[in-house]
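Q: Respectively, the protein sequence lines represent chains A and B. Take the first sequence: its position 207, counting from 1, is numbered 209 in the numbering used here, and each next residue is one higher. Take the second sequence: its position 266, counting from 1, is numbered 268 in the numbering used here, and each next residue is one higher.
Among the clues, some could well be false.
What the hints assert, rightly or not - For lysine-lysine, the following DSS-like pairs were computed, each having C-alpha atoms within a straight-line distance of at most 25 Å:
no.: 1; chain 1: B; residue 1: Lys211; chain 2: A; residue 2: Lys161
no.: 2; chain 1: B; residue 1: Lys265; chain 2: A; residue 2: Lys160
no.: 3; chain 1: B; residue 1: Lys140; chain 2: A; residue 2: Lys160
no.: 4; chain 1: B; residue 1: Lys160; chain 2: A; residue 2: Lys210
no.: 5; chain 1: A; residue 1: Lys86; chain 2: B; residue 2: Lys257
no.: 6; chain 1: B; residue 1: Lys86; chain 2: A; residue 2: Lys160
no.: 7; chain 1: A; residue 1: Lys257; chain 2: B; residue 2: Lys163
no.: 8; chain 1: A; residue 1: Lys37; chain 2: A; residue 2: Lys117
no.: 9; chain 1: A; residue 1: Lys160; chain 2: B; residue 2: Lys160
no.: 10; chain 1: B; residue 1: Lys257; chain 2: A; residue 2: Lys160
no.: 11; chain 1: B; residue 1: Lys161; chain 2: A; residue 2: Lys211
no.: 12; chain 1: A; residue 1: Lys210; chain 2: B; residue 2: Lys161
no.: 13; chain 1: A; residue 1: Lys211; chain 2: B; residue 2: Lys268
no.: 14; chain 1: B; residue 1: Lys160; chain 2: A; residue 2: Lys163
no.: 15; chain 1: B; residue 1: Lys257; chain 2: A; residue 2: Lys161
no.: 16; chain 1: A; residue 1: Lys257; chain 2: B; residue 2: Lys86
no.: 17; chain 1: A; residue 1: Lys257; chain 2: B; residue 2: Lys82
no.: 18; chain 1: A; residue 1: Lys211; chain 2: B; residue 2: Lys163
no.: 19; chain 1: B; residue 1: Lys257; chain 2: A; residue 2: Lys163
no.: 20; chain 1: A; residue 1: Lys161; chain 2: B; residue 2: Lys161
no.: 21; chain 1: A; residue 1: Lys257; chain 2: B; residue 2: Lys160
no.: 22; chain 1: A; residue 1: Lys257; chain 2: B; residue 2: Lys210
no.: 23; chain 1: A; residue 1: Lys265; chain 2: B; residue 2: Lys160
no.: 24; chain 1: B; residue 1: Lys257; chain 2: A; residue 2: Lys117
no.: 25; chain 1: B; residue 1: Lys140; chain 2: A; residue 2: Lys287
no.: 26; chain 1: B; residue 1: Lys211; chain 2: A; residue 2: Lys163
no.: 27; chain 1: B; residue 1: Lys117; chain 2: A; residue 2: Lys140
no.: 28; chain 1: B; residue 1: Lys160; chain 2: A; residue 2: Lys161
no.: 29; chain 1: A; residue 1: Lys160; chain 2: B; residue 2: Lys163
no.: 30; chain 1: B; residue 1: Lys140; chain 2: A; residue 2: Lys82
no.: 31; chain 1: B; residue 1: Lys161; chain 2: A; residue 2: Lys163
no.: 32; chain 1: A; residue 1: Lys161; chain 2: A; residue 2: Lys95
Simulated from the structure, these hints should not be mistaken for lab results.
Residue-level listing of the chains:
Protein chains: 2
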Amino acid sequence: MKALAIDVGGTKIYSALINEKGQIVSDVEKYATPKTYDEIIATFKKIIANHDFDVVAFSTCGAVNNDNTRILGSTGNIVKEYPKTDFQALSDKPVFVENDANCAAWAEYKIGASKNCQNSVMLTLGTGVGGGIIVNGKLLKGKNGAAGEMHFKMRTDKKRKCTCGAWDCFEIYASGTGLKLTGEEISSNPDITTYDIIGAYKTDPIMKKIFDRWQDDILLGIVGLANLFDPDCVVLSGSMAEFVDTDYLTDEVNKQIVTTPTKVVKASAGNHSGMIGAALLAFEKFYGKS
Amino acid sequence: MKALAIDVGGTKIYSALINEKGQIVSDVEKYATPKTYDEIIATFKKIIANHDFDVVAFSTCGAVNNDNTRILGSTGNIVKEYPKTDFQALSDKPVFVENDANCAAWAEYKIGASKNCQNSVMLTLGTGVGGGIIVNGKLLKGKNGAAGEMHFKMRTDKKRKCTCGAWDCFEIYASGTGLKLTGEEISSNPDITTYDIIGAYKTDPIMKKIFDRWQDDILLGIVGLANLFDPDCVVLSGSMAEFVDTDYLTDEVNKQIVTTPTKVVKASAGNHSGMIGAALLAFEKFYGKS
Chain A
3 MKALAIDVGG TKIYSALINE KGQIVSDVEK YATPKTYDEI IATFKKIIAN
53 HDFDVVAFST CGAVNNDNTR ILGSTGNIVK EYPKTDFQAL SDKPVFVEND
103 ANCAAWAEYK IGASKNCQNS VMLTLGTGVG GGIIVNGKLL KGKNGAAGEM
153 HFKMRTDKKR KCTCGAWDCF EIYASGTGLK LTGEEISSNP DITTYDIIGA
203 YKTDPIMKKI FDRWQDDILL GIVGLANLFD PDCVVLSGSM AEFVDTDYLT
253 DEVNKQIVTT PTKVVKASAG NHSGMIGAAL LAFEKFYGKS
Chain B
3 MKALAIDVGG TKIYSALINE KGQIVSDVEK YATPKTYDEI IATFKKIIAN
53 HDFDVVAFST CGAVNNDNTR ILGSTGNIVK EYPKTDFQAL SDKPVFVEND
103 ANCAAWAEYK IGASKNCQNS VMLTLGTGVG GGIIVNGKLL KGKNGAAGEM
153 HFKMRTDKKR KCTCGAWDCF EIYASGTGLK LTGEEISSNP DITTYDIIGA
203 YKTDPIMKKI FDRWQDDILL GIVGLANLFD PDCVVLSGSM AEFVDTDYLT
253 DEVNKQIVTT PTKVVKASAG NHSGMIGAAL LAFEKFYGKS
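Produce the entire structure from the sequences given, and follow the hints as far as they go.
A: Below is the structure:
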């Protein structure tokens, strides 16, 4: 059995065929995300027409409903009409849709760093911060499917406006964007970049101070999540995750929590974990296999 | 069918008989919590010997394991040996144990303010802050049973030490203790009490400023919880809950969240919701009734 997995982001669309073991069994195709809604739909149709598969599995930006059929609302950096997409209408085969961070969390649970952990929290540290939470072996979706948003407060005094429009969310501290803002605050250099910081934090004391503050903000967020969820582990994925010290985070989290010991680990399901998780979830939904 | 419910707190122990509808069908008995472990166990045995029942249901301070048989670890203001209690050994009938905030959340879900809400967060605002979270109609327990602790951060700059030993948890801002600390900071009066504030916040501008800051800290915590859980509602219980403005909180939360609209409501299952929830959970566990 094969799933045609399609990963939809604000800048890139990927596709690949994936088997029931979560293995990628084709080339991974890559497209720039079109700037108009019609072109996006045309891209989906072209990908679908070009392959043989049993099910289509979308891993997408945006919150997805509990039926895994549609996007709940606005999604940031993709055309505003995107949520109106009727995914099932794209194919005669079953079509499944889930949020990309949820898909990546599922891939880690099935074949990656949180394998066999019935309770875990995954944080995707990139330009923003994504989240996928697994409770008793199921994705935490909430009443409408929007759960797992990492927009809890880090301060109460309105210091940084988050991309969501509210103040001082975890995302605007723990993301790459957050690292740059921490860099600006500590260095008083408005032109400092994440590359400046990441390139020099092991040797330059100022850059180390910036990096440590950023990492400690991530730590404080994880402490709160561990107290809320008592997870087996917290998985860090995304482009910024490679730089953090998970041994340090594990030690410090376990010093600070009131729940039971946990661990912080790096994701291991690979760059295409979103597509893999979408495929495995689709197999489970339509064929009861996982 | 009747449950003998026993509510164990650091200062008081209550007991009552409760039927399958969650109705209290006896007098509620009240005892001061003894200062020694042996006396606590003797109190339990005396209560149990004096009643006819089908099941014993403990609603207790402390985190409780996923089998609902024992306390996981230290519990604050009760004798340190309390976690070693073998609850089942206290009776020939089935014995059930659950954390008091979880029990209260369950009572609200079954007969109270969150009735029929499959996803909800309950906050108990008292001297401290308790939490009980319901996900898809089940208590959120986590890997060992300790989930639902409201110890996520409100600041990153180490301003207030929480009772848990870590810095700046939600509890030390949103609790009655937090209200007093906010009062001390704003009024510069170290002797200010919660009674001073609650008694005058509707007429005195300084007391209003203190109260509003405290209520807005609660608001910010709820925003984070709503973004994580996408709940049908957030239920406020406990002695401090009667003072907050749930219409204001609902409006503000819905302005700030990225998830779908929710509401903030006051608990309605009564003062003994812990015992009621414990009884209903016990019936469900041992007899499949809820």
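Q: Of all the hints given earlier, name the ones this structure violates by number, lowest first.
A: 3, 6, 8, 13, 22, 24, 30, 32
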